[in-house]
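Asker: Now that you have both chains on their own, put them together as the hints suggest.
These protein sequence lines are chains F and E, in that order. FYI, the numbering used here numbers position 25 of the first sequence as 25, with every residue one higher than the one before it. FYI, the numbering used here numbers position 46 of the second sequence as 46, with every residue one higher than the one before it.
Note that these hints are calculated values from the structure, not bench results. Virtual Cβ for every residue (Gly too), placed ideally from N, Cα, C. One or more of the hints may lead you astray.
Covered, in the sense of this in silico footprint (three residues per stretch, anywhere, with C-beta under 8 Å from a C-beta of chain E), are these stretches of chain F [stated by the list, open to error]:
| id | region |
| --- | --- |
| 1 | 102 to 110 |
| 2 | 116 to 124 |
| 3 | 299 to 305 |
What follows is a list of derived Cβ distance ranges for each label pair [unchecked claim]:
| id | chain 1 | residue 1 | chain 2 | residue 2 | range |
| --- | --- | --- | --- | --- | --- |
| 4 | F | Glu195 | E | Leu298 | 49 to 59 Å |
| 5 | E | Leu135 | F | Tyr30 | 28 to 38 Å |
| 6 | F | Lys91 | E | Val92 | 53 to 63 Å |
| 7 | E | Val301 | F | Lys91 | 38 to 48 Å |
| 8 | F | Ser216 | E | Trp141 | 53 to 63 Å |
| 9 | F | Asp182 | E | Phe302 | 33 to 43 Å |
| 10 | F | Ser73 | E | Phe116 | 49 to 59 Å |
| 11 | E | Arg303 | F | Arg129 | 38 to 48 Å |
| 12 | E | Leu135 | F | Glu195 | 53 to 63 Å |
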Amino acid sequence: MAVTATPASRASGAESRGAGIELRGVTKRYGGNLALREIDVTIEDGEFFCLLGPSGCGKTTTLNLIGGFVEPSEGTIWLRGKRIDTLPPHKRPVNTVFQSYALFPHMSVRDNVAFGLKMDRVDRAETRRRVDEALALVGLEEFGSRSPAQLSGGQQQRVAVARALVKQPAVLLLDEPLGALDLKLRQRLQVELSEIHREVGTTFVYVTHDQEEAMSMADRIAVMNHGRIEQLGTPFEIYRRPASRFVADFIGDANFLDVRVDGDVAVLADGTRVPCRRGDVPGPGSLMVRPEALRVGDPEAAPNGALRGRVLQSSFLGTRLRVAVATPSSDAPLIIALHGEDPASAPAEDAEVAVWWASGDAILLPPDER
Amino acid sequence: MGVGRRDPAPAGRALTDAAVTAPTARPGRRRLGSAVSAYGAFLPAVLLLGGFFLVPLGIIVVYSFWQVIDYNVVHHWTLDNYRYFFSVGAYVTTMWKTLLVSLVATAIALGLAFPFAYWLSRYVPRRLRVPLLILVVVPFWTSYLLRVYSWLTILGEKGVINRFLQWLGITHHPLGVFLYDRPAVILVLVYLYFPFAALTLYSSIERFDWDQLRAAMDLGATPLRAIRRILVPQIRPGIVTAVIFVFIPILGEYLTPQIVGGTGGVMIGNLVVNFFQAAEYTRGAAVSLLIAAFILLLLVVFRRSLSAPEAYGG
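The shape of chain E in the complex, shown without the other chains (with noise of 0.2 Å):
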């Protein structure tokens, strides 16, 4: 069979000369075999996949499609639950509002990240660079819902912003003018998502060789034309991979329009758990349905600068 060789050969060229002379007896066996032996360590992820996120987007997916009749879901399929939201006028301004909601603070993070990683990989020593990608990181350790309750000392009446003003002689009252609207969405937001966008962006520019700029001056580009002409087609791969860090999450968040939102701020994740906690469950996985599609067309189209060389080494 000549699993093993005979002649006395070093224990490193006889594990070779083994595999190479595989034994020839019963081949399909042995395909089996060493598939099973190749791919087996994937058991363990393709059961986690499958069981925990595939499985469940396909209930989604499936419940879109019935109906829910009182209280029962009731296997009939219908776009009856698509056509009901479309149908609500209030549901369809909230979508776009999410949109727009989204696009300002995806606008506004990123307008601050660029200029914070521009300067960090500019001008601070890099001795201090890692400290202070530290303290923009921090914030991930404490839970998300308490980042966000704690705007609620700081926007609310009886908070930080508004004791000031007082203090201050400006107002003599509390305004609730801070919180409980779209203002306060965005800027909680905004203040979520700037670690997102500044550590990508930091990542993106800090890969820059500024010689290059220095370059297109000496060759005649004034610093505007160099900058539009070599910084940023080399950090665009990285900018719209912030977009895309920033503004995906953002759509689907429910949360933090739940807390500090109020009647004004509400954005689509808050009408899917509406859904469900009035167990309307097929009207709720309609609108899921919408947003990961409106999603999975965002990453079709901008699925170049996801490749992580794109993003990360272009």
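Isolated chain F, as found in the complex (with noise of 0.2 Å):
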């Protein structure tokens, strides 16, 4: 389905660059709350685009946008180089699974996949023949005559994909679809719609606030907080390279010490001073280190600026040890990840250890803007 472009957006001069999606400063205010604040984002065509963030961050306002289910206060929104903010949705080659599936309880499977279809008025050979396509494209082809009742959770899950990819849309947004499956069948399907968007090759927009989803799922991630996007990058940047506190506390686990910069030093609070990799922060911030990057040792054998501390706790996770330590460089205790290693050799309770990390896993970051 086309969009039509009006004379207008030719005339204006303001030519996107003929991505996939693009929203221009947008903003946008409920009343007195400013849900989103002057966003400006490239989805390109094709990827498989993450929106990540709590509750209230403004990911789902921000599908909703691009869907056409509310206007922005400010800004424009472009789909390939036409403008869509200004069409409803049942103009925009874009379709959405919604949270709840909304499958249409009282149509067949068949006439759910079918109904956009219907819409369009297209005739009943090609409709059968691309249902047919869409429900073998999410294994359900044997499932045709079933009423969504008749299904279980993961099986109206694809219906509802089936039925928003059988018009093969420019975009697919997709608002937390897997949230009320259990975590067994969260991670099936997590695979299967990575599968699903290879086949297709249509840009998904995935809206949640699972970050280990996130990062299993997408090319790139926009991490979202208050309205704004924190950081937009690939999962490895994101994790590796957090650009504030938020980013790096939200994704994965972290320990953060309150540090003030002297040259290549950080200072703790208490005075020790340890490596750090030579940020461009001035003044204090957050050193941030991954539990996977701390050592955890004898205090004899630490190499020099290692914090000194006491094991809390150390717990076998199957995956990983986590061992937590508290020192008094820091309010919070360390929480070490500890892999491979044998259960018996760690750390005891009570412990004296000794606690140090390479200068390069070390991460400074400003301290949290309110």
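Answerer: Here you go:
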């Protein structure tokens, strides 16, 4: 279904770069509440793009803006070079998979999937062919005549995906579609969704609050907080080089130490000087170290600059050993993740230990702006 | 006999064991006994249903085929009562008028109840819903008679409307047009039966998943097409139920026509009352049975919509 450009957009001179989706200066206000603040983002054609953040960060609002269910208070939205923010949902080549699936209970699975084609007045033979294709894509070929109520949660989810994809939209929006499913099913569907994405090549915009989900499926992630995009990058970039304390804390586990920078060295609250990557954060900040980057061991054998502490707790979590160490250099205990260690050789509780890390593994972050 | 076990099993298991190892002697007596204990609980309901419903219904059926001669019911089988009813033009006209009034009142009641139920389930915040629903139900705590009578004080010559119009200067003497005719009957019936329609439609609409409308529009349906293809089919059972809950009772109404209907608003229920008051029991019974048969026909035709899952959960 083509989006026709209006003469106005052609003449405006502000041509887009022909990318997939573009949000330019998009702001959304609900009464006195600022849900989105001047969002500028470009989603590449065909990528699996994730909007990640806690409740209320604006990710669902962003999705609804792309889908056409709300209008921006300011700014414009573009799709493949054409402006779409003035179009109602049924005129945009965008389809949505809803969190609650929103299947039509009074229709069979086939009729559900065919609904979009029916609205476009596609002829019977073509509809049947495309519905068959869509059902095969999600592995539900045998379920065509069933009603949604006869399906499990995972199957309903697949029908919702088939129904949205059968129209071959330019963009598929997914609003936390796996939230209602149990862990194993969620993981399986994550893999399936990735496969489907590779197969159809449609741009996927996926909203979730589950960082593991985002990391496992997305090409790029936009981490959002309070209506702003705090960081945009690949899962690797976001994990290894978080731009802010919020991002570091939201993705994976993180240890934070309040520090003051003095050249190449960070000075902790209690005066201990520890190595860090030379950053461009002057003044006070947060030193962030991932649990798996921390080393723990005998105080005698520790390198210079190591922190002293006492083991609070040692837990065996299957994939790793989690050790919590209380140190005077930090209010919160340091969390260390040891992989492949025999639980028996882990530090005993209440033992005096030293904690250190490689200077390249510590990231200096600006303090939270509030 | 094995009613109980000899080994010291805990109480619960002994109970199950006892049930499993029932006494083997005299099976017939046992079956009767268990049947009585299983179905005996139904006895009060059976007596109630039988005594106060089936028996009177049976009497009416039987009476409708008998005759009244000199104020006495004579056990003489005949179709004369029915023949008589259809031979009097005024009676047949009343029958059609009743149908018309019922249809119009039902249509208006539903026409008002649907927007109300839609507004209530879509736009009213949850915490205000129950109070509003209670307000809809509160009139039922007043006697039905009082509620009908109160309309006399609104529509009558000395009533609120007339006084208001005179005060405004639009009229200079009271108008009798608001009362004692069919419009007044329809008005009061709509007032009386609106809660039934509103509550039924509300419970049907309230279950609707509004996300489905969004999904429909997302897939290319205009808002109107979405409502027509997605909302209406799913609340149709609720609509039919509401119609039944309103239309059928209105068919049998006689008090409201009697109080506010005058001569123009006579309904078939009034005919039944008149017959009985004139000791024409058999004719009254025949007309009653005609009404009941028609209602039964409606219920049979719409029986699918009367299944609770269809109406409330479909």
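Asker: Look at each hint and say if it fits the structure.
Answerer: Cross-check of the supplied hints:
1. 102 to 110: Per the Cβ count (5), the hint holds.
2. 116 to 124: holds (count 3)
3. 299 to 305: Answer violated; 0 residues pass the 8 Å Cβ test.
4. Glu195(F) with Leu298(E): 49 to 59 Å: 55 Å Cβ-Cβ, so the 49 to 59 Å window holds.
5. Leu135(E) with Tyr30(F): 28 to 38 Å: holds, 30 Å
6. Lys91(F) with Val92(E): 53 to 63 Å: Given a distance of about 57 Å, which is inside 53 to 63 Å, the answer is holds.
7. Val301(E) with Lys91(F): 38 to 48 Å: holds, 42 Å
8. Ser216(F) with Trp141(E): 53 to 63 Å: Given range 53 to 63 Å: holds, Cβ gap about 60 Å.
9. Asp182(F) with Phe302(E): 33 to 43 Å: Cβ of Asp182(F) to Cβ of Phe302(E): about 42 Å, so the range 33 to 43 Å holds.
10. Ser73(F) with Phe116(E): 49 to 59 Å: Given a distance of about 33 Å, which is not inside 49 to 59 Å, the answer is violated.
11. Arg303(E) with Arg129(F): 38 to 48 Å: holds, 40 Å
12. Leu135(E) with Glu195(F): 53 to 63 Å: This hint holds: roughly 55 Å between Cβ atoms.
Checked against the numbered hints given earlier, this structure breaks hints 3 and 10; the rest are met.
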